[in-house]
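Chemist: Sequence:
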Amino acid sequence: MSANWISKLGRGLSRTFHWDAPAGCVDYFDRDAERMAREVELIKMRFPHHS
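According to our numbering, the sequence shown is numbered sequentially starting from 1.
Note that these hints are calculated values from the structure, not bench results. Please note that a few of the clues may not be correct.
Said to hold, decoys possible - Simulated DEER-style distance windows between Cβ atoms:
| no. | residue 1 | residue 2 | range |
| --- | --- | --- | --- |
| 1 | Arg35 | Leu13 | 37 to 43 Å |
| 2 | Gly12 | Arg46 | 55 to 61 Å |
| 3 | Ile43 | Gly10 | 51 to 57 Å |
| 4 | Ala33 | Leu9 | 38 to 44 Å |
Virtual Cβ for every residue (Gly too), placed ideally from N, Cα, C.
Please work from the sequences and hints to get the whole structure.
Modeler: This is the structure we're talking about:
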C-alpha cells in the first residue's frame, strides 16, 4: 500500500514539473525572423549602395 501512494505522488509531481513549450512560442521565433528579414530587405532597398 505504501508504494501505491508514492507512485501516485511521483506521477503527479512529474506532470506538475513537466513543461512543454506552447505552440505559439515556436511560431514567435519564426515570425520574429521573418520580420527581421523583411526589415533587412527594406534597408537594402532604401540604401542600395550599402548592400
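Chemist: Does each hint hold? Answer for all of them.
Modeler: Structure-based check of all given hints:
1. Arg35 with Leu13: 37 to 43 Å: 39 Å Cβ-Cβ, so the 37 to 43 Å window holds.
2. Gly12 with Arg46: 55 to 61 Å: 57 Å, holds
3. Ile43 with Gly10: 51 to 57 Å: With Cβ atoms ~54 Å apart, the hint holds.
4. Ala33 with Leu9: 38 to 44 Å: Holds, since Ala33 and Leu9 (Cβ atoms, about 42 Å apart) stay within the stated range.
Comparing the model with each earlier hint shows no violations; every hint is respected.
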